[in-house]
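Start from the sequences, fold in the hints, and give me the full structure.
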Amino acid sequence: MMNVNPDYITNYLNKINTQLDSSIQPNNNKKSTIVFAISLKSKKVSRNWDVVQQQLAKTLKSILNNTEQNFRIMVAGHEKPTINELSNSKVTWISVNFPISRSNVGMSNDKMKKRKVIAQYLSKEGYSGYFMPLDADDWVHFRFVEYLNKSPFSKAYIFNKGIMSNLKRNEIWLISNFFKHCGSCSVFYFQNNELPNAIETTGGIFHGLTLTSHPKIIQNLKMYKVKYKLIDLPFIFRVYGYGDNNLTIKGKLSMDLSAANYNTFGTPINNEIYHQFKVN
1 MMNVNPDYIT NYLNKINTQL DSSIQPNNNK KSTIVFAISL KSKKVSRNWD
51 VVQQQLAKTL KSILNNTEQN FRIMVAGHEK PTINELSNSK VTWISVNFPI
101 SRSNVGMSND KMKKRKVIAQ YLSKEGYSGY FMPLDADDWV HFRFVEYLNK
151 SPFSKAYIFN KGIMSNLKRN EIWLISNFFK HCGSCSVFYF QNNELPNAIE
201 TTGGIFHGLT LTSHPKIIQN LKMYKVKYKL IDLPFIFRVY GYGDNNLTIK
251 GKLSMDLSAA NYNTFGTPIN NEIYHQFKVN
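Letter by letter, the sequence shown follows residues 1 to 280 of UniProt numbering.
No lab work stands behind these hints, which were simulated from the structure alone.
Some hints here could point you the wrong way.
As the list claims (entries may be wrong) - The calculated DSS-like cross-link candidates involving lysine-lysine, where the alpha carbons are at most 27 Å apart (straight line), are: (1) K229 x K150; (2) K80 x K161; (3) K180 x K61; (4) K124 x K113; (5) K155 x K31; (6) K161 x K222; (7) K124 x K111; (8) K229 x K168; (9) K278 x K31; (10) K155 x K90; (11) K180 x K15; (12) K161 x K124; (13) K15 x K155; (14) K111 x K61.
Note that the coordinates shown come from a computational prediction; the quantities given were computed from them, not determined experimentally.
Listed below in structure tokens is the structure:
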């Protein structure tokens, strides 16, 4: 494999700042709220609950440190973590008490049921706005909300590029078709009547776009005739290699996962990465 500039990801991230610094805020004063919807696994299916809590804290920090603050974070789970970030006024904790499953299928269903619980909560509030399913360990760039505010309205945004990582190997890499590899890959605008009004609700556009397999998201958007915008800036950092990722527990991904598995180039994580995602 050919040599690659070890700073190539940092250089790519700097495109975000360059683009946003040159953007002009739309003159309509209309900023839709975005809800980051996080499903947290149960302590009973985690390998190390302390690590799970630490990863969630970093995810919340990455959002809370955004330059613009017209967002909310909603976390649904069985056991409430004891981390300071959950006391922030931007964060809402939703307790669930449905049965916990340790099977592979059960773990996937658990995530979707919690996502639907969040949507049901929003439905009852009368919420209309952006909804972003986010894994409880992934990071969001500190100018992502600003990017949404400065972008022309779109019913859906899909992340075509993103950053993958293996913390165990201290390796990160940039990848295209990010939506095929990470569930934290999309943002949707839902009118209130498009949100499920009960946990038992099935079907409809919310189900088709947020509760189905994320690699098929483009296909599903076309099926529902929803116009979307592909984002080619790496606003999402997919965290892997800390030992409690669901795909690790399910045995679907090796802890030795690397850039080579994706036929691309990996580089070490540097301090600039932590600066751009504000997790420290």
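Verification of the supplied hints:
1. A C-alpha spacing of about 14 Å is found between K229 and K150, which places the hinted pair at or below 27 Å, so the restraint holds.
2. Restraint check: the Cα-Cα separation between K80 and K161 comes to about 32 Å, which exceeds 27 Å; the hinted pair is violated.
3. Distance restraint check for K180 and K61: the Cα-Cα separation of roughly 25 Å lies within the 27 Å cut-off, and the hinted pair is therefore satisfied.
4. Under the criterion of a C-alpha separation no larger than 27 Å, the hint pairing K124 with K113 is consistent with the structure, at around 17 Å.
5. Note on K155 and K31: the hinted pairing holds, with a Cα-Cα distance of about 14 Å set against a maximum of 27 Å.
6. A hinted pair counts as satisfied when its Cα atoms are at most 27 Å apart, and K161 with K222 qualifies at roughly 20 Å.
7. Restraint check for K124 and K111: satisfied, since their Cα atoms lie roughly 20 Å apart, inside the 27 Å limit.
8. Of the pairs offered as hints, the one joining K229 and K168 is violated, with about 33 Å between alpha carbons and a cut-off of 27 Å exceeded.
9. With a C-alpha separation of about 23 Å, the suggested pair K278 and K31 falls inside the 27 Å cut-off, and the hint holds.
10. A threshold of 27 Å between alpha carbons decides the hint, and for K155 with K90 the separation of about 24 Å falls inside it, so the pair holds.
11. A hinted pair counts as satisfied when its Cα atoms are at most 27 Å apart, and K180 with K15 qualifies at roughly 23 Å.
12. Between the alpha carbons of K161 and K124 the distance comes to roughly 34 Å, so the proposed pair goes past 27 Å and is violated.
13. The straight-line distance between the Cα atoms of K15 and K155 is roughly 24 Å, inside the 27 Å bound, and the hint therefore holds.
14. A distance of roughly 21 Å separates the Cα atoms of K111 and K61; the hinted pair therefore holds under the 27 Å criterion.
Going down the numbered hints, you'll see the structure goes against 2, 8 and 12, while the others check out.
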